[in-house]
Amino acid sequence: MKQLVHYLALVIILTLGFLALITFRYHPLRPVAIILTAAAYFVWGILHHLSLGTLHRQVVLEYFSLAILGGIIIATLL
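In the numbering used here, the protein residues as written are 1 to 78.
Among the clues, some could well be false.
Claimed, not checked - The following label-pair restraints were derived from C-beta to C-beta distances:
1) P28 - L8: 15 to 25 Å
2) L16 - S65: 32 to 42 Å
3) V11 - L52: 15 to 25 Å
4) S65 - V32: 33 to 43 Å
5) G53 - Y26: 41 to 51 Å
6) R57 - V11: 32 to 42 Å
7) Y26 - V59: 15 to 25 Å
Honestly, the hints are just simulated from the structure, not real lab data.
These numbers come from a predicted model, not from an experiment.
Backbone N, C-alpha and C define an ideal beta-carbon position, used for all residues, glycine too.
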């Protein structure tokens, strides 16, 4: 049940990020929405693994690199 709440939070974070991306499609705040979504994803990953007791440096680097890569891909393709 605990993980269900975590993954529900992730779905909410990504849905809000997607809605912000659509809302700010031609707005100067679009990069801010992308950065905030990527940062929220990174923080979610850290907190998720911290609660599971599986937080290691490799996990932090993985979430950091995926957040950066995802932000770059979304910013350049959409």
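For this structure, which hints from the list above don't hold up?
1, 2, 4, 6, 7
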